[in-house]
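Work the whole structure out from these sequences, hints included.
The listed protein sequences correspond, in order, to chains Z, C, F and U. One rule links them: number in my numbering = place in the first sequence (from 1) + 25. One rule links them: number in my numbering = place in the second sequence (from 1) + 25. One rule links them: number in my numbering = place in the third sequence (from 1) + 25. One rule links them: number in my numbering = place in the fourth sequence (from 1) + 25.
Zero decoy hints are in this set.
Pairs involving identical chains hold if they fit within one copy or between any two copies, as the list cannot separate such chains.
Only pairs whose alpha carbons sit at most 30 Å apart, straight line, appear in this in silico DSSO-like list of lysine-lysine: (1) K158 with K366; (2) K425 with K366; (3) K234 with K80; (4) K76 with K234; (5) K453 with K366; (6) K428 with K396; (7) K428 with K165; (8) K396 with K80; (9) K76 with K396; (10) K165 with K366; (11) K453 with K158; (12) K396 with K234; (13) K453 with K396.
Please keep in mind that the hints were generated in silico from the structure rather than gathered at the bench.
Number of protein chains: 4
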Amino acid sequence: MIPRYARPEMAAIWSPENRYRIWFEIEALAAEGMARVGAIPEEAARTIREKGAPKLAAINADDIARIDAIERETRHDVIAFLTWLAEAIGPDSRFVHQGMTSSDVLDTCLSVQLTQAADLLLADIDAVLAALKARALEHKYTLTIGRSHGIHAEPTTFGLKLAGHYAEFARNRERLLAARAEIAVAAISGAVGTFAHLHPSVEEYVADKLGLRPEPVSTQVIPRDRHAAFFATLGVIASGIERLATEVRHLQRSEVREAEEFFHPGQKGSSAMPHKRNPVLSENLTGLARIVRAAVVPALEDVALWHERDISHSSVERMIGPDATVTLDFALMRLAGMMEKLVVYPDRMLANLESLGGVVHSGEVLLALTKAGILREDAYRIVQGCAMATWTRLGTPEGKSFKENLQADPDVARMVQPAELEAAMDPKLHLCMVDRIFVRVFG
Amino acid sequence: MIPRYARPEMAAIWSPENRYRIWFEIEALAAEGMARVGAIPEEAARTIREKGAPKLAAINADDIARIDAIERETRHDVIAFLTWLAEAIGPDSRFVHQGMTSSDVLDTCLSVQLTQAADLLLADIDAVLAALKARALEHKYTLTIGRSHGIHAEPTTFGLKLAGHYAEFARNRERLLAARAEIAVAAISGAVGTFAHLHPSVEEYVADKLGLRPEPVSTQVIPRDRHAAFFATLGVIASGIERLATEVRHLQRSEVREAEEFFHPGQKGSSAMPHKRNPVLSENLTGLARIVRAAVVPALEDVALWHERDISHSSVERMIGPDATVTLDFALMRLAGMMEKLVVYPDRMLANLESLGGVVHSGEVLLALTKAGILREDAYRIVQGCAMATWTRLGTPEGKSFKENLQADPDVARMVQPAELEAAMDPKLHLCMVDRIFVRVFG
Amino acid sequence: MIPRYARPEMAAIWSPENRYRIWFEIEALAAEGMARVGAIPEEAARTIREKGAPKLAAINADDIARIDAIERETRHDVIAFLTWLAEAIGPDSRFVHQGMTSSDVLDTCLSVQLTQAADLLLADIDAVLAALKARALEHKYTLTIGRSHGIHAEPTTFGLKLAGHYAEFARNRERLLAARAEIAVAAISGAVGTFAHLHPSVEEYVADKLGLRPEPVSTQVIPRDRHAAFFATLGVIASGIERLATEVRHLQRSEVREAEEFFHPGQKGSSAMPHKRNPVLSENLTGLARIVRAAVVPALEDVALWHERDISHSSVERMIGPDATVTLDFALMRLAGMMEKLVVYPDRMLANLESLGGVVHSGEVLLALTKAGILREDAYRIVQGCAMATWTRLGTPEGKSFKENLQADPDVARMVQPAELEAAMDPKLHLCMVDRIFVRVFG
Amino acid sequence: MIPRYARPEMAAIWSPENRYRIWFEIEALAAEGMARVGAIPEEAARTIREKGAPKLAAINADDIARIDAIERETRHDVIAFLTWLAEAIGPDSRFVHQGMTSSDVLDTCLSVQLTQAADLLLADIDAVLAALKARALEHKYTLTIGRSHGIHAEPTTFGLKLAGHYAEFARNRERLLAARAEIAVAAISGAVGTFAHLHPSVEEYVADKLGLRPEPVSTQVIPRDRHAAFFATLGVIASGIERLATEVRHLQRSEVREAEEFFHPGQKGSSAMPHKRNPVLSENLTGLARIVRAAVVPALEDVALWHERDISHSSVERMIGPDATVTLDFALMRLAGMMEKLVVYPDRMLANLESLGGVVHSGEVLLALTKAGILREDAYRIVQGCAMATWTRLGTPEGKSFKENLQADPDVARMVQPAELEAAMDPKLHLCMVDRIFVRVFG
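Here it is as structure tokens:
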């Protein structure tokens, strides 16, 4: 996470202020839960909240420096926080954290932070979906050439392309919801998860108040398969960003010029070449996708903690927690903005579609020949031959269009009507099911 | 996928025979679907199935060699298959594959293979769950020391440890079901997914008959975010295997000896050291987990195909498809067998639990001191001091037990009753919620 | 490793036959080495070689099945081999493997296999280098547009592009040599590497005869950082393949058409679209690069073996050893062939270079204006304005060339001579240092 | 990179101040180089340095904010810097950056930063090597049990263990030197690397002054295979850290207790369990290794830039550049300190060695039996049987030592002298080659 690629909303989730507030909330709730089962006095639970809440509400840089100083001595972050908190709470602080282990606080806090992050990411995806839907509807019937292997294949519409990306991000939304559920769990189960020192109802109370579910069986920690599944999902979403970014980069390349990122007044594309207008947003998104994905392998490596827990996951999560969520949040919002403002050139789309002399209709022509009674193998040979003849001499004086070449073939001339050939080469043919597909995607 | 780590059931899914049978089924169903909308004669669809089905039922090595030979010429695998198939079907073969593109066959086939694989993997996980449940119930109250950081923490039970792994594999089962749904889709949508040459009802018919759902909007291919999500899930499951395997490796190490893989009569642990009995299964599982996880990154890299598709994903999937599923299947079944036969040593568990002079009860003692009115900070210092004194002189002549050291402390002597101290050091204390946790996990 | 992407030469390295021959060679050499220090009778060493060598020379499928059968009982591969070998050697077999541990054989064998593989890969890279050099020299002065961000930047030559890839593969060759040296080590040091049961001179003798160096200090195994460095290097090379393959894919895309993979007579690009000629080789190489790279992470995860060794690396290496080397070998040879036969279209290169109305000369024009005394900031604004005006109206009736737009600017008209402008827009200007760069690269 | 895991020395390399100073140095040197070939006036080059140098020496937060503000308008970082710099330099600023492209500055700067980072890392490794060497010499003859598969194998010495890690870090040092050389290159070659606008001698001059070599052929950028090789090397080094950290974690676990991280006075191991002394440093190092390794895959993915360059690598490097180097620097220094202060318990080592009733001598006993004339297969069976009998009844009343069990075997009794058996079970036997290995490692 670096400021250049961070939005304040998401970065704030990972601030010490937010973390300590969540820690306090967990401790305060746990105290209330303990009071409910008579483990500590109700009075104490009330004092903890009443004295602690304003302290945390007003937590500032000095407080954080103080906690850091205590940690340098104790070499334990939760103990440092509790010591600082005790100063505010007074004698009743002895009822704080009773029977709990640090992981109860740390892991439940991480769950809260990750659900907060997931909620922002869900909103981001909604922004991407909205942009994609608007542009898809706008270009529902904008003809463009479909490409496989980077080679012109058959016509499609720009709206259909965007509908495909919309559907992918709709799937990503579902995946993110599932990933959020994975990590929306609390554990307040004590040293090695046996509840030997506190009643499970405390965990249930805390979880409920925080909008989480209790972890059915924790070791000392919430098992890391949950987090691995979460970060793996972020990696899948990032890859979807990369796919759409790659599409835009392709559309903007000089020879294609079918779409272009919005170029701001005052923007400079290159220090050396003033003519440059580069797809820097989509290129940037390609790189950011790699960064988000980089969290997947360490998250998977974190799963196999030793016995009831080791702490190797901690340093990993201190970095990939912010890095992956902040970067993905930034990337999704950048993507949404980029797609909203994308400048689309339907004329260039049509020009490109028509630039290969009509060979892009070879598939439909093949069907027409087959229907006219030519054996498929023969039809393939004829169509391939005419297409290659067209292609090879494209733009040369002796070049002929695909239709001309076909009509010069004796078998075609004999068995296929010119009108049938004409019909097979009408790009509008490829629009016939666009409505139906849009209903599938957008309902 | 290598024979050493492959079970025949899973390997068969990736055989050419199975692939060609699925390809034929897709083509035959597509022909039926087309006949239903009048795109081709019903008679033709019937002929295709009647002549093709026995051919495929009896497909043998010669047939496969013949298809390979055609592919060497055409450099196109689906065309090679269709050419071979045409020989069996005769003139009506011209109605086969009409308006379809190779990806319709290839991608729908991959979906079928991956769902077949997922079904085997689900059964494997069930076997793991069954083994874990049986052993968890068997050792529900078998006391053992819980360890965090590899250091004795507090008592737990071996059944609780296994219940944790059971819960993780139950989550893995849910994830695999979701992953199966991700890739259980068919696409029969033609060149760039526009249905220009065939009606969407064909796709719906084929999907339905194959137990799949239609892909709402395909490009030329089924979008690869689905496959990425699938392989990422396999990576999460593999990491769960690694966690349990790591636990067994730890339990078997010479200084721990709390459990041991079954050692077969006739088995040799080392060529040089006849005394060796090594946890080779769990070590092997650790390595296999790395292999399954190795599929995750390439699967993520496959998502960003160019435009309506490029074929870079194909070579990747030809390898990770079999590798990840076959290896994971093998690993899960090896894990199930290993856990079923695991030799458990409750006596050693108890001996280890007691080997540190009682310091593992420091947490409960701390609570007892706090309850007796000693300030938490003071209590912590006393308990830590007594524990360290015990630990440091462990096994030496001047060594004293934790209890003895505590009782020698004037504050403890003054404020805590011997019976209270005794009670705080009873391992059974840690069994109090085992029933409740088991209900959470096993219902 | 799958046959589709395997060359027999490389696959043979990983065959059981080759492995067992290397195992025997290690055992026979070790026996000779022991005889030299008097640890076993010279006679025995001679018998071992004389009886074993012909057996191994003629090793066949039956032998391998026999060894497999013994392994099923002993569950130990090296003991199985030794038992089989003992049948051939007779009583002197008791001098085989004396004081050695299985890892001595397995790890030294892996070193031999990896150096054999490295030698093939070095030859492969030489083939790539030869193809790149030949084509680079052929197109040394073939003008083409250089592109950054996918956008036309300034002219360069196709030869220069290829020279860049040549230089990268020359670096890859150096890296592979270093990686080969990493794993060209032998260890014959016994159970935990202490030489307690055999003299270090045995290791030195075996290493020397096999063209390896002795591992200075082994644990039980050759440390896996060596192998990690080896596979990481393969990953870097694979990424270089991906870069060149991506270039070819771009050059072949329909709007660019500057180069094309050789299309075989009889080849079919698409079952549905007979006009297709797809860059399937370079797309395939892109996927194969992902597969080779997939070995890097597991190889890194193999480094941290427990204590003097655990066997988790073994299953990983059984798979990534063949997979990464066979796939990379296949990919490099495919790349060499593809580049040799690449069809290049200089006319299209020139046409593309000129297709943007001359804006690609904006950099040199900027310098010309600056030299003519216009402030850099002002010059940038003028040149950017004229370039954008050209670009935006490209191909429209009101479109003007970059030169025309520049000449219409009053400052330019006043301060820059037409001849200077003309000179700044001569593509040949970009050829001035081509010779010098070629000397840097090719000597 | 987060402050928690960052040392100021390394973090400073990635500060804006250091970056801008390097940028200026590159521009100033390039101007001097241009003046030398007469491309710009010598006077101008002098002015640039004289006016710019003090400005950069005193660069402060206000300056950085000003540059940021310009960048927000131009959306181009290098142009923003040059604009700010021009304010200081005045009219001669038009000679700055002439004929150069931003990448010339950015990539050469990155090379400088990475070499600075590499130099710190080399010093870190030297610290690790020094600590390992000192402790290895200290414990050269400290007997300890060697373990394979986590199971006692044969005796070795703790010094030998450390010597193995020393040798690995010595290899890592060599690798890092090679990796440093990979990225110690400068490119000042203009828009697409053709030197069309500036003479190669400028690049040579700048490179020489910065202690770099000129990139023989750049595109627009320094090719990213160099950076991939660099980060891959960091990944290998990180894995070596993980191996040593894993060893310490194992040695400290409660059942082993052979070594322990230094535990500071005032340190608290657990909030709930005062008795805990956890190997938190080595666990932390395990996690940090995962983070450093996470840079490898994105760095490999950066290699295949499009054509002469795309900018997808930039965002990746802005994050992994600092993250990987800062984290690795921190980890290496933490490792060095941890090993320096590691508390070693030779008594526990000996006690563990002897804890299995002598079965760890089974290898030498096997040799003794074979030498005494018992067939290897028979000897193996006898030794295995006696070892298993010992092992199984370890610590039980009917338990016997390995020697007792062996002596009870009739064949052993008949054919092996008690003194021979005794000799075979002397741990000192395993010290015989320690000197020789130390000479190999430390010279």
